[in-house]
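K.L.:
Single-letter residue listing:
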Amino acid sequence: MPGDGRPDWKVIIDGWQKVHDERVAAGNPDGISKLRWVLAHVPVITPDYIQKLKNLGGGLSVLGGWRWLTGTSAQNGPPFRDIMASGIPAGMSSDGMQISTMSPWINLYYVVTGKNARGQLINAGQTLGRNDAIRLYTADNGWFLQAEDKLGTIEEGKLADLVVLSATTSA
Amino acid sequence: MKEESIKDIYSVLTVVNGTVVHDDLDGKSKAYWKAGLPTPPRGGKEMCKLCDEGKPQDHSGSQLGRRDFLKAATATGLPRRG
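Chains H and V, in that order, are what the protein sequence lines are.
Just so we're aligned, residue 1 is where the first sequence starts under this note's numbering, counting upward by one.
Just so we're aligned, residue 1001 is where the second sequence starts under this note's numbering, counting upward by one.
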């Protein structure tokens, strides 16, 4: 955190905005908007900064498993609902196993319920429905690899990556 | 499905770019794992990517399950990667 008290995610996005503006001023009209800069983890972010990053062509790669494992009502997030509502490119992963859990289903459980491993509701108001949660883990991740035309959904012309689950996810 | 059960979902078949990399449709592997036993033989079904690519590997030690491997790694001081 710099001396002005801004949290790291504000410093980063403000920095990208500055670089973008400098590039535009130097005659590059796209600035950094085609480069898909990504902010990861994102336990905290406000709607105005989500919009700011969206305008810069960026995306958010969010996590949930480590909040399920050790999160509290004071250490919660990400604000899944705000992120999804904004329309910014967003995806989800499990992160390193030193601090999280490998199973995507633990992560998705946290997205859907907002509950930690103790069963405490810690992310109230920011949960998503099951289909939206699964989209974060599948269809929406291709954008981060600039491979949305190859990954994430079962469609003709895409790579044949698929999984058969032990149970249906529908309610 | 109840919300609490979401945590218990697992893959019974995984295909990566058209290649089966995990197949437990018969449930045998899960049953063995739940019983704390090494992974069962796969009845001749090859699960090794290198073998699939025509580079046969020696799998004579493959009856050793991951759980046993981790025990062995701990005992011998092998590094465990996170």
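Simulated from the structure, these hints should not be mistaken for laboratory data.
It is possible that part of the hints are untrue.
As the list claims (entries may be wrong) - Far from chain H, some chain V residues (derived; all Cβ distances over 10 Å):
no.: 1; residue: TYR1010
no.: 2; residue: GLY1018
no.: 3; residue: ASP1026
no.: 4; residue: LYS1028
no.: 5; residue: ALA1031
no.: 6; residue: TRP1033
no.: 7; residue: LYS1034
Stated by the list, open to error - Only pairs whose alpha carbons sit at most 35 Å apart, straight line, appear in this in silico DSBU-like list of lysine-lysine:
no.: 8; chain 1: V; residue 1: LYS1007; chain 2: H; residue 2: LYS10
no.: 9; chain 1: H; residue 1: LYS34; chain 2: H; residue 2: LYS150
no.: 10; chain 1: V; residue 1: LYS1028; chain 2: H; residue 2: LYS34
no.: 11; chain 1: V; residue 1: LYS1007; chain 2: V; residue 2: LYS1028
no.: 12; chain 1: H; residue 1: LYS10; chain 2: V; residue 2: LYS1034
no.: 13; chain 1: H; residue 1: LYS52; chain 2: H; residue 2: LYS34
no.: 14; chain 1: V; residue 1: LYS1030; chain 2: H; residue 2: LYS115
no.: 15; chain 1: H; residue 1: LYS54; chain 2: H; residue 2: LYS115
no.: 16; chain 1: V; residue 1: LYS1007; chain 2: H; residue 2: LYS158
no.: 17; chain 1: V; residue 1: LYS1030; chain 2: H; residue 2: LYS158
no.: 18; chain 1: V; residue 1: LYS1028; chain 2: H; residue 2: LYS10
no.: 19; chain 1: H; residue 1: LYS150; chain 2: V; residue 2: LYS1030
no.: 20; chain 1: H; residue 1: LYS54; chain 2: V; residue 2: LYS1034
Claimed, not checked - On the chain V side, residues computed to face chain H include the following (Cβ under 8 Å):
no.: 21; residue: MET1001
no.: 22; residue: GLU1003
no.: 23; residue: ILE1006
no.: 24; residue: LYS1007
no.: 25; residue: ILE1009
no.: 26; residue: VAL1012
no.: 27; residue: LEU1013
no.: 28; residue: THR1014
no.: 29; residue: VAL1015
no.: 30; residue: VAL1016
no.: 31; residue: ASN1017
no.: 32; residue: SER1029
C-beta: ideal position from N, C-alpha, C; glycine also.
K.L.:
Decide, hint by hint, whether the structure agrees.
P.N.:
Right, here's what the structure says about each hint:
1. TYR1010: violated (5 Å)
2. GLY1018: violated (4 Å)
3. ASP1026: ASP1026(V) is indeed farther than 10 Å from all Cβ atoms of chain H, at 12 Å.
4. LYS1028: holds (14 Å)
5. ALA1031: holds (13 Å)
6. TRP1033: holds (13 Å)
7. LYS1034: holds (13 Å)
8. LYS1007(V) with LYS10(H): Within the cut-off at roughly 33 Å; holds.
9. LYS34(H) with LYS150(H): holds (19 Å)
10. LYS1028(V) with LYS34(H): violated (48 Å)
11. LYS1007(V) with LYS1028(V): holds (21 Å)
12. LYS10(H) with LYS1034(V): violated (46 Å)
13. LYS52(H) with LYS34(H): holds (15 Å)
14. LYS1030(V) with LYS115(H): holds (27 Å)
15. LYS54(H) with LYS115(H): holds (28 Å)
16. LYS1007(V) with LYS158(H): holds (28 Å)
17. LYS1030(V) with LYS158(H): Judged against 35 Å, a Cα distance of about 30 Å means the pair holds.
18. LYS1028(V) with LYS10(H): Not satisfied, since the Cα-Cα distance of roughly 50 Å exceeds 35 Å.
19. LYS150(H) with LYS1030(V): holds (31 Å)
20. LYS54(H) with LYS1034(V): Given that 35 Å is the threshold and the Cα spacing comes to 46 Å, the pair is violated.
21. MET1001: Holds, because the Cβ-Cβ distance from MET1001(V) to chain H comes to roughly 6 Å (cut-off 8 Å).
22. GLU1003: Since chain H brings a Cβ to about 5 Å from GLU1003(V), closer than 8 Å, the hint holds.
23. ILE1006: Holds: closest Cβ of chain H sits about 4 Å from ILE1006(V), inside 8 Å.
24. LYS1007: Holds: closest Cβ of chain H sits about 5 Å from LYS1007(V), inside 8 Å.
25. ILE1009: With a minimum Cβ separation of about 4 Å from chain H (threshold 8 Å), the hint on ILE1009(V) holds.
26. VAL1012: With a minimum Cβ separation of about 5 Å from chain H (threshold 8 Å), the hint on VAL1012(V) holds.
27. LEU1013: Constraint on LEU1013(V) satisfied, holds at 4 Å.
28. THR1014: holds (5 Å)
29. VAL1015: Holds, about 5 Å.
30. VAL1016: Since the shortest Cβ distance to chain H is 5 Å, the answer is holds.
31. ASN1017: This hint holds: ASN1017(V) lies near chain H, its Cβ roughly 5 Å from the closest one there, short of 8 Å.
32. SER1029: violated (12 Å)
In summary, the numbered hints that this structure violates are 1, 2, 10, 12, 18, 20, 32.
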